[in-house]
Amino acid sequence: MTGGVADKSIRVSVPSDPAYLGIVRALVECVARLAGFAEPEVSHVVVALDEACTNIIRHQYEGRRDERIDIEALLDLEAGRVQFVLRDYGPVRDPKHFRGRDLADVRPGGLGLHIIRKVMDEVEYSAAPGGGMLLKLCKRACRQTGQEG
Amino acid sequence: MQTDRAGGLAIADGKPGLKIDIQPTDQATVVRLAGDVDLNVSSQLRARLKELVREQRPRIVVDMAGVPYVDSSGVATLVECLQGVSRYGGKLCLAALTTRTRSVFEISRLDTVFSIARTVEEALQA
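Sequences listed follow chains A and B, in order. Each residue of the first sequence is one higher than the one before, counting from 1 in my numbering. Each residue of the second sequence is one higher than the one before, counting from 1001 in my numbering.
Hints were generated in silico from the structure; no laboratory data involved. Every value quoted in this text rests on a predicted model; they were computed, and no experiment measured them. Any given hint could be a false lead.
Partner residues are not named here, just some residues of chain A that face chain B (Cβ under 10 Å, in silico) [said to hold, decoys possible]:
1) S13
2) P18
3) Y20
4) G22
5) E39
6) C53
7) I57
8) R58
9) L74
10) H97
11) G110
12) H114
13) V119
14) D121
15) K136
16) R140
Where is the CB? At the ideal position from N, CA and C, for every residue including glycine.
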């Protein structure tokens, strides 16, 4: 993403209220389709972003519904690549401590981060300037061969 | 209660949410869901399923044909129910998962942990 003409960006802020997750999913689905993704990748990207927001609500805001989640989507239409940057205003945490659970250990909870890492090509947590965390998620669409020409 | 669809959200009595309809049959207790199962409503589902576990219903079939989306909190709720049912020797079967919903179970590798039927009828006959 270098800011060329092929890059498009969308920015939205949503309350940290689970009632708004459906809106996030609808937006992400539209963005993924616009970026050239097809099923099942669209569904996978939707679930990854939903889980990322759910983790922010649960862990960064400890269930508080009146905080803010900023979502920026950057589309590289030529490359068929999409990047999402999620920013929260919770505590700064060491990403080394973010671990999904062992899937062989079947129990409720701990699946969100596993799903995010399984689905997205790049997952990068960092401290946000001024506090809170940034989560960068990238995914490139699988292009079917034989479409050109 | 009237339900309608609006952008993946179930609308019950004018409010978005999850509709849970529990019907005891001769073969099993069928839990029919309508709406997305996410962090917003998973506690609602957990409470209803806990009731069934407390009553030690021998066979529970969760009809998910009306669930366009389930997140990890919804999956966790079903895992909790499965573990509760297993403790008293009961059975839990998920039926009629949509492609999108099934993919969440596959990514989580839980598609092999749950008994999953293509239809409710298949689940009742199993």
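Here is how each hint holds up against the structure:
1. S13: Violated, because the Cβ-Cβ distance from S13(A) to chain B comes to roughly 18 Å (cut-off 10 Å).
2. P18: With a closest approach of 4 Å, the P18(A) hint holds.
3. Y20: holds (8 Å)
4. G22: G22(A) check passes; min Cβ-Cβ to chain B is 5 Å, inside 10 Å.
5. E39: The hint holds - E39(A) has a Cβ within 10 Å of chain B, the shortest such distance being about 7 Å.
6. C53: Result: holds, 9 Å to nearest chain B Cβ.
7. I57: holds (7 Å)
8. R58: Since chain B brings a Cβ to about 7 Å from R58(A), closer than 10 Å, the hint holds.
9. L74: violated (24 Å)
10. H97: violated (19 Å)
11. G110: Since the shortest Cβ distance to chain B is 8 Å, the answer is holds.
12. H114: holds (7 Å)
13. V119: holds (7 Å)
14. D121: It is violated, given that the least Cβ distance between D121(A) and chain B is near 15 Å, above 10 Å.
15. K136: Status violated, d = 20 Å.
16. R140: With Cβ-Cβ at 18 Å, over 10 Å, it is violated.
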